[in-house]
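K.L.:
Okay, here's what each chain looks like letter by letter:
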Amino acid sequence: MLNSLLNSLFGQTVIAYLLMFAVPLVLPVLFIKLVGLGGLRELVTYEASDTPLHRLDPRLKVLYPVAMGVLSILLSWKLMLVVFALTLLPWVWLRPSRQRIRVLMVMVIGPALAGFWSQGMFYLPNPPIHFLYKFPWTVAWLGSPGITSYGMIFGLEQTARVLVTVSTSMLILVSTDVGDFTWAFERFRAPPHVGFALTAALRFLPEMISRTTLVLRAVELRGYDLSRPRWFQFTRWPDYVRRLARCAVLITVPLLIGTLRGTATMAMVADARGFGVSRRRGSLKVHRLTRVDYWGYAILVTLVVGAFVLNHLHIGARYYG
Amino acid sequence: MAASAALSARDVSFAYLGAARASLRHVDLSVAPGEVVLITGASGCGKSTLALALAGLIPSRVHGELRGQVSFGDRVLSGLPPHEASQLVGLVFQNPNQQLINQTVQSEVAFGPENLALPHREIAARVDWCLEVTGMAGMRQAAVVTLSGGQKQRTAIAATLAMRPAILVLDEPLSDLDPVGAQEVLATLRRLASAGDTGIMVIEHRVDEVAPWADRVVLMDDGRIILDQPPRDAWADETVWARTGVGVPDLVRLGHAVPGAFPAGAPLSVDGAVSVLRGGWFAAALAQAASRAGGGTAAGDAAAGALSPPGGPVRPPGPPVLAWQGVSVQFGQVRAVDDVTLSIGEGEWTALIGANGSGKSTLISLTVGLGRPASGRVEFRGQPIRPGKVFEHAAQVALLLQAADEMLFAETVQAELEFGTRFRVLPPDPVLDVAGAVKFFGFEDLTDASPWELSQGGRQRLALAALLVGAPGVLVLDEPTTGQDAHHMQAFLRLLERVVEHTGLTVITVTHDIRGLASRAARVVVLGAGKVQLDGPVRQVFAHTAELAQWGVLAPPLARLQVGLLGDDCGEVLLTVEELAAAVGPRPGAAAAGVLRPC
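Residue numbers (our numbering), protein chains in the order written: chain A, 1 to 321; chain B, 1 to 599.
For reference, chain A alone in the conformation it holds in the complex (with noise of 0.2 Å):
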């Protein structure tokens, strides 16, 4: 009875639909469950400590994103996922705190899921193929004939690269002063207001998420029904989503007038401190390359060098086609 209803049209459908939405709408409930607004401000604030990775040369902090990138960039998918566990490493000498690995998590694992189940239905290999799952009409008009195996590995595969970039960036932005960022920056002959803009972005995002979620308390407050509906509350979602449509417009005039007010002190604030003053800067903290700083570059130099020669003898190359 069983078998025949999951192997009826009716069951197929089903069943299609539901591997089709299910991990799209997965996403969105992990993120408003394990991260939501205030958790945004993990991703950017700065942890200060006094770790190996906090006093590392903030000029080899500066390469290492653009490092990755190059060896995602040039290397294949497949060994993209090698640098991605490399990646990996250097978080176990930060030991972030729970609520933050938390948040990571959920932005790692988010966009891996999304690229694996996407890929998995979307990405056909050369015929034949084998379908973990064949999709009915009914479901394949959509565009995709059903799940392969391939198109999930592929998919992996190219998840990786989004994972390196946000592995690296994630980790130089929290264990990094946005001072050292500046300095770095002017080490490299950038002007000085290039890192005074990323200065000021990275210090007033989390201000910004903060004020966000009181003006939303506020809004509440004033009786504002802003309460999500229970997930098989079907019915009620669409009401919740024009709600918090509505609430976006009505959130942005304070938000925008206290924002305006907030910049123009900055301003006044920057301008009395004296930036912009001289091109050069002085710096309070002297960066001296200890022997760690010679052992990351070594080995920042060794992978770039490594991955072009790999892809000159195509090695683990990306595949062009």
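Because the hints were derived from the structure by calculation, they are not lab data. Take these hints with a grain of salt, some might be off.
Unchecked claim - In the DSSO-like style, the derived pairs of lysine-lysine whose C-alpha atoms are separated by at most 30 Å in a straight line are: (1) LYS389(B) x LYS531(B); (2) LYS78(A) x LYS134(A); (3) LYS152(B) x LYS531(B); (4) LYS285(A) x LYS152(B); (5) LYS33(A) x LYS389(B).
Stated by the list, open to error - Reference excerpt, derived from the structure (chain A facing chain B, CB under 10 Å, subset only): (6) ILE257; (7) MET266; (8) GLY276; (9) LYS285; (10) ARG291.
As the list claims (entries may be wrong) - Over the 12 Å line for every Cβ pair with chain B, so calculated as not near, a few chain A residues: (11) THR13; (12) PRO90; (13) PHE181; (14) PHE275.
Values in this document were obtained by computation on a predicted structure and should not be read as measured data. Positions of the beta carbon are idealized from the N, C-alpha and C atoms, including for glycine.
Keeping the supplied structure of chain A fixed, place chain B upon it in accordance with the hints.
P.N.:
Okay, now just chain B, sitting in the frame of chain A:
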């Protein structure tokens, strides 16, 4: 820069671009290194504009028409680029959040010297010195986002000091600080000035707290300086202060109310007053009043009817309307609220006080479902308050945030008042409907105005009115008088008293304003380290000055004076100058006191 050089404003007038009226009018002022000058005045009198002008930010960064001259020694500040002016006169803005640009304390302090391309050794020396004098040396590596309001304020001061200005101008530096934190910052500023290299100009409404540290008091009104005198002489004529709506220190008012109490003039510090009065007729009269009362308290002998809080008669509290039962709240490793059991009766007016970070705001946020207790239970009229259900609980408990501006969303005053009614069903006979609120709060002529056209006090009134239209059972106010001058604070307190009288609401106020708001409440709950440390009638709680100080709370000056004279066993204290004057009576042989003005 010559050591004797001073900051001076000569006949300075300024009108903002497009403004019909000048914000500064013919201001003459000078501040020298080594001096501490208190500048005060009602909101909108031009204090902050004067600060911008003195810091050389007018007209280069704040545009308008400037007349007269601001100079330091022989250098005209209004013509200097801001970074040069800031090495002569440094300005600490009102809101520390908006002026901390960097991520850590030390990088914030180093930012200015780094921009000046100073040698590393000089930058390091400046950073070390600034962090040391502001008491932030132990937190140099801390991330700015993790700092408390007081720590942010000190970091902002340190960062401004790092430019090595000869004069430091601070615009309301105490607004986010609890009284103990405020005294620490003021002591730091006094030390800086006493070292002789730096002049300090403090713009503040909290006159009581700053005056003891100041060398001069400057009073502004309508863009002009109307008084510039040493503190001992500044309050000789109270009518000047009454006209501007700025509060007069309680000890000064006591000196005026009880002629002869301070023959050499009223001291501005409690310690000074105690040393003058101890062993004299005033102390004897106070002790006699206390012994006549039988309970060993002067309060018992106060004028008839004065035993109720100044805000109005105490109503016996009804059944519990809000209750916290064994509630704890944890933020990471920090226990913000620790096993609190507390109950608030129907119709009670309770003040929740405590130092910054004592758990006050966390505790009240639970009453509307904001935040989740790690353990325990919060109830409204016996029903549990469910975490996250803010929309539901906001109908029962109205919470007015400190940042009332963030609570306004509509285009007009009328729409703002109707906001809540559009989204939820109100009881058929609310205590205050929209029309009633318009009338009660005096918005008759402003219904079509934008909320942003109202003054700050007006916007706060509007936010309060809008919450009350929602017909809540409890009104919770989080620091509602922060940053307000005495006149606006008194107006808000009177409004609140009218609301309580009209609606019979249960009110909880979270406040640092011990003298004003907390004294209006019938009951005071003191939080310290996340726990309830003291809980009782306001007169009794304020008699525990030592315990209060232990938890970062400074009792009102009059309370500390009474405890200083009667000793620690003083069971209750009098809260107003009028009560105290009535209790001690006139000095034997002295003329009767003049007419007393309300506090």
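K.L.:
All hints are to be evaluated individually against the structure, with a verdict given for each.
P.N.:
Right, here's what the structure says about each hint:
1. LYS389(B) x LYS531(B): Since the Cα atoms of LYS389(B) and LYS531(B) sit roughly 25 Å apart, the hinted pair holds (cutoff 30 Å).
2. LYS78(A) x LYS134(A): Distance ~26 Å between LYS78(A) and LYS134(A) Cα, so the pair holds.
3. LYS152(B) x LYS531(B): Given pair LYS152(B), LYS531(B) holds - Cα atoms ~25 Å apart, limit 30 Å.
4. LYS285(A) x LYS152(B): holds (22 Å)
5. LYS33(A) x LYS389(B): holds (15 Å)
6. ILE257: holds (7 Å)
7. MET266: At 6 Å from the nearest chain B Cβ, MET266(A) passes the 10 Å test, so the hint holds.
8. GLY276: Nearest chain B Cβ about 7 Å off; hint holds.
9. LYS285: holds (8 Å)
10. ARG291: Not OK, violated: ARG291(A) not within 10 Å of chain B, min 22 Å.
11. THR13: holds (37 Å)
12. PRO90: Its Cβ never comes within 12 Å of chain B, the nearest being 20 Å, so this holds.
13. PHE181: Check fails; 10 Å does not lie beyond 12 Å.
14. PHE275: violated (5 Å)
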